[in-house]
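Anchor point for the sequence shown: position 65 equals 65 in full-length UniProt numbering, and the numbering is continuous, going up by one each time.
Do not rely on the hints blindly, as some may be mistaken.
Derived DSS-like pairs (lysine-lysine); straight-line CA-CA distance at most 25 Å [as the list claims (entries may be wrong)]:
id, residue 1, residue 2
1, 132, 114
2, 157, 191
3, 123, 145
4, 198, 218
5, 251, 157
6, 191, 290
7, 138, 191
8, 157, 145
9, 123, 251
10, 191, 123
11, 132, 198
12, 251, 138
13, 157, 123
14, 191, 283
15, 283, 218
16, 198, 130
17, 123, 283
18, 145, 132
19, 198, 145
20, 123, 138
21, 191, 145
22, 218, 251
23, 130, 114
24, 114, 138
25, 198, 157
26, 145, 114
Beta-carbon label-pair distances, calculated as ranges [said to hold, decoys possible]:
id, residue 1, residue 2, range
27, 128, 251, 22 to 28 Å
28, 76, 188, 31 to 37 Å
29, 69, 250, 19 to 25 Å
30, 163, 257, 24 to 30 Å
Rather than coming from a laboratory, the hints here were simulated on the basis of the structure. Ideal Cβ positions, reconstructed from N, Cα and C, are used throughout, including at glycine.
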Amino acid sequence: MAIPTPIPTRVFSGFGTITPEPHFTCIAIKFSSTSTPFPFGFSPNKLQLRPLLNTTRNFCAVATGVQEVLPTPLTSTSPPPSMVDGATRLYISYTCPYAQRVWITRNCKGLQDKIQLVPIDLKDRPSWYKDKVYPPNKVPALEHKNEVRGESLDLIKYIDSHFEGPSLSPSSGPAMEFAEELLSYTDTFYKTVVSSFKGDDVTEACTAFDYIETVLSKYDDGPFFLGQFSLVDIAYAPFIERFQLFLMDVKNYDIGFGRPNLAAWMEAMNNIDGYKITRSNPKELVESYKRRFLANI
């Protein structure tokens with residue numbers, strides 16, 4: 001099998017600088033030179049996982065060798081894609097955290113050849129997107145079987161349940177209920193953290209991250225929210241990525257300090273290749289948040 005060529009320079013780290021790598025899609029645990037598939041339900045010992053994370057950084061997502069060249073965002077001058085060819089399309093913005101959730105899900109399900117990425121320039125969006133594709137004029141949106149759906153949490157569940165690939169959700173029981181509880185908390189988490197962006201008091205943000213630290217301790221068979229990698233991790237990752245960068249730059253506040261579960265989670269997410277390719281330039285993310293939240297201070 002041919003060795004994949006390197007990913008274009010679109011690849012950045014949300015939690016630090018990384019080297020561009022081939023894009024992989026199947027979840028696995030990698031011990032030394034061997035890889036063991038990591039579908040939902042696999043339960044490695046957490047005492048074995050965390051030393052690996054802290055020393056060799058070998059916890060990673062590996063895959064079928066599928067690699068993807070990311071398309072250029074469409075603007076107001078771009079023609080629309082064919083609306084009658086029956087293709088499945090995911091409309092995103094490369095910088096939108098809500099769209100990033102769905103993009104990660106697509107990647108981790110191994111659906112690069114099933115779901116076409118259609119990036120939109122939100123600052124210069126084409127008129128046909130609102131008129132012919134998705135009237136709310138937001139991203140993400142999924143075009144599948146001649147229907148268009150929106151809302152990121154709904155879409156990650158839809159893709160997980162309607163497409164092939166490893167399951168990213170527990171099927172029943174307490175884990176499923178806990179997953180729904182955590183997914184429902186994402187909006188509250190976001191609002192609580194951003195309330196600390198203005199001024200010098202980060203008490204509200206501390207409270208939110210302390211809660212995350214606590215819930216990450218519930219399952220001891222892996223570093224993720226449900227122990228094993230799931231949609232819950234995907235739902236939180238784009239926002240924690242941005243919060244970690246912004247709070248460190250503006251407040252000199254390290255969200256992982258004194259929170260070993262959160263630190264281990266961020267390190268584990270850093271090695272999920274289906275996530276890594278979705279990350280934006282850290283400096284651009286920080287500057288974007290400064291313009292959004294600090295412009296009038």
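Now for the hints, and whether the structure bears them out:
1. 132 x 114: holds, 22 Å
2. 157 x 191: Cα-Cα ~23 Å, so holds.
3. 123 x 145: violated, 29 Å
4. 198 x 218: violated, 32 Å
5. 251 x 157: violated, 35 Å
6. 191 x 290: holds, 16 Å
7. 138 x 191: holds, 20 Å
8. 157 x 145: At roughly 17 Å apart (the allowed maximum being 25 Å), residue 145 and residue 157 satisfy the hint.
9. 123 x 251: Violated: residue 123 and residue 251 sit about 28 Å apart, past 25 Å.
10. 191 x 123: Satisfied, since the Cα-Cα distance of roughly 24 Å is no more than 25 Å.
11. 132 x 198: violated, 39 Å
12. 251 x 138: violated, 31 Å
13. 157 x 123: With Cα atoms ~28 Å apart, residue 157 and residue 123 exceed 25 Å; violated.
14. 191 x 283: Since the Cα atoms of residue 191 and residue 283 sit roughly 22 Å apart, the hinted pair holds (cutoff 25 Å).
15. 283 x 218: violated, 34 Å
16. 198 x 130: Since the Cα atoms of residue 198 and residue 130 sit roughly 34 Å apart, the hinted pair is violated (cutoff 25 Å).
17. 123 x 283: holds, 19 Å
18. 145 x 132: The given pair, whose Cα atoms are some 15 Å apart, holds under the 25 Å limit.
19. 198 x 145: Violated, at about 44 Å.
20. 123 x 138: Judged against 25 Å, a Cα distance of about 12 Å means the pair holds.
21. 191 x 145: Violated: residue 191 and residue 145 sit about 35 Å apart, past 25 Å.
22. 218 x 251: It is violated: about 29 Å lies between the C-alpha atoms, which goes past 25 Å.
23. 130 x 114: Measuring from Cα to Cα gives roughly 24 Å; hence the hint holds.
24. 114 x 138: holds, 22 Å
25. 198 x 157: violated, 34 Å
26. 145 x 114: Roughly 12 Å between the alpha carbons, so the hint for residue 145 and residue 114 holds.
27. 128 x 251: 22 to 28 Å: This hint is violated: roughly 42 Å between Cβ atoms.
28. 76 x 188: 31 to 37 Å: At roughly 36 Å between Cβ atoms, residue 188 and residue 76 fall inside 31 to 37 Å, so the hint holds.
29. 69 x 250: 19 to 25 Å: For residue 250 against residue 69, whose Cβ atoms are near 34 Å apart, the range 19 to 25 Å is violated.
30. 163 x 257: 24 to 30 Å: Given a distance of about 39 Å, which is not inside 24 to 30 Å, the answer is violated.
The structure does not agree with the numbered hints 3, 4, 5, 9, 11, 12, 13, 15, 16, 19, 21, 22, 25, 27, 29, 30 stated previously, though it agrees with the rest.
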